[in-house]
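Quick note: the sequence shown uses the working numbering, first residue 1, plus one each step.
Simulated from the structure, these hints should not be mistaken for lab results. Predicted, not measured: the structure shown is a model, and the values here were computed from it. Be aware that a few hints might be false.
[Stated by the list, open to error] Pair by pair, the computed Cβ-Cβ distance ranges are:
(1) Lys294 x Thr2: 41 to 49 Å
(2) Gly272 x Asp295: 31 to 39 Å
(3) Asp384 x His80: 32 to 40 Å
C-beta atoms are modelled at their ideal positions from N, C-alpha and C, and glycine is treated no differently.
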Amino acid sequence: MTSAHLTFNYGERNICFTKAAGVWLTDSQQHQWLDALCGIGVTSLGHCHPSVNNAIKAQIDALDHVSNLYHTPIQQLAAHKLCEVSQMSKVYFCNSGAEANEAAIKLARLHGRAKRGHSGTLICFDGAFHGRTIGALSATAKEAIKAPFAPLLADVKHLPFNDIEALEHAFSNDLEADAILLELIQGESGVHLASERFIETVKQLCLKHDLLLMIDEVQTGNSRTGQWFAYQHFSLKPDVVSTAKGLGNGFPVGATLVSEKARDLLYPGSHGSTYGGNPAACAAICAVIEIVKKDQVHRNVEKQSKRLREALAQHPNVDYVEGLGMMLGVQLIKSINDLPQRFDQSKLLVNCISDTRIRLLPPLVISDTELDELIARLYSALDD
Numbered sequence: 001m002t003s004a005h006l007t008f009n010y011g012e013r014n015i016c017f018t019k020a021a022g023v024w025l026t027d028s029q030q031h032q033w034l035d036a037l038c039g040i041g042v043t044s045l046g047h048c049h050p051s052v053n054n055a056i057k058a059q060i061d062a063l064d065h066v067s068n069l070y071h072t073p074i075q076q077l078a079a080h081k082l083c084e085v086s087q088m089s090k091v092y093f094c095n096s097g098a099e100a101n102e103a104a105i106k107l108a109r110l111h112g113r114a115k116r117g118h119s120g121t122l123i124c125f126d127g128a129f130h131g132r133t134i135g136a137l138s139a140t141a142k143e144a145i146k147a148p149f150a151p152l153l154a155d156v157k158h159l160p161f162n163d164i165e166a167l168e169h170a171f172s173n174d175l176e177a178d179a180i181l182l183e184l185i186q187g188e189s190g191v192h193l194a195s196e197r198f199i200e201t202v203k204q205l206c207l208k209h210d211l212l213l214m215i216d217e218v219q220t221g222n223s224r225t226g227q228w229f230a231y232q233h234f235s236l237k238p239d240v241v242s243t244a245k246g247l248g249n250g251f252p253v254g255a256t257l258v259s260e261k262a263r264d265l266l267y268p269g270s271h272g273s274t275y276g277g278n279p280a281a282c283a284a285i286c287a288v289i290e291i292v293k294k295d296q297v298h299r300n301v302e303k304q305s306k307r308l309r310e311a312l313a314q315h316p317n318v319d320y321v322e323g324l325g326m327m328l329g330v331q332l333i334k335s336i337n338d339l340p341q342r343f344d345q346s347k348l349l350v351n352c353i354s355d356t357r358i359r360l361l362p363p364l365v366i367s368d369t370e371l372d373e374l375i376a377r378l379y380s381a382l383d384d
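Work out the full structure: start from the sequences and follow the hints.
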């Protein structure tokens, strides 16, 4: 079997995986790979987690799909569990992170219309990545991936990330804004953490100007940082939270959570998704939340993140490590031109942002022995 009938938007794909379990992937040549990327933050509880898989199978056998014109018990339960761990008010279910951000952008516009009769500007930041659908792409900063699809949404303004002066200056000129959309940790650009002062400034500006504080937790959410959501590290109370990835541990899910302030912005017909909140997806969500609680996953994230940081700090070519929990960016001192090839040789899946920057998103449930192996393979790839 070849990839002749697949579109080329992912480029050349030379490795084919055929099965997986826990932190391990097996390729078509029967080589074992240690997955320190989790499908870009998706299989956070490990591949093919039996409790998640069994929950999905049982739900499919009981009820596979009905229109969102009707209730299902499992969707109500998933919404309840998500609101409980996030301290948000309501949930809109979709199928991906990009879709969750599209809903957030719609909420921002509805908020603008409600307060002034027309929508205004959406504030985003340089280095941000919010998805590849048209609205989410408009909020994304990287011009190289945006240019072929111009014109995109109007009234989206990008400001320098972590630049308090630039942020405050933008609001000194009677800017009519609806919302600020912020990643507390920018993942796609290499794992860059917003400073506490910057976060506080964003919060205060939202309060002062009656803006929706919208936090993109597509990658940072669902325990990746050692809390249910990254905003809980900073005592933030967002108005809108978008999430996906680890929420279903490999099953396609997405969600947009809203606070009391934003809970009534969506009205019948304003938004929707045929597959959003389908029974199997909601079964996966419920299973993931229960596993995190039962297995004390947050405690393991704290423990293994500390060990991984300490090991990386001892490598002579590591300058510093940035991030929270199991979402880490590793900055190298010296560039390594063949960095991706080295990791392939070590049979370790990571994301090489550049020849001096690595993104690590290991499984949250990784054991001591598995982490030792991850560190050994990292060292093997980074050693001269």
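Results of checking the hints against the structure:
1. The supplied range of 41 to 49 Å is met by lysine 294 and threonine 2, whose beta-carbon atoms lie about 43 Å from each other.
2. Between glycine 272 and aspartate 295 the beta carbon distance is about 35 Å. The supplied range of 31 to 39 Å therefore holds.
3. Separation of aspartate 384 from histidine 80 is about 53 Å and departs from the stated range, judged on CB atoms against 32 to 40 Å.
Against the hints set out earlier in the document, a violation occurs for number 3 only.
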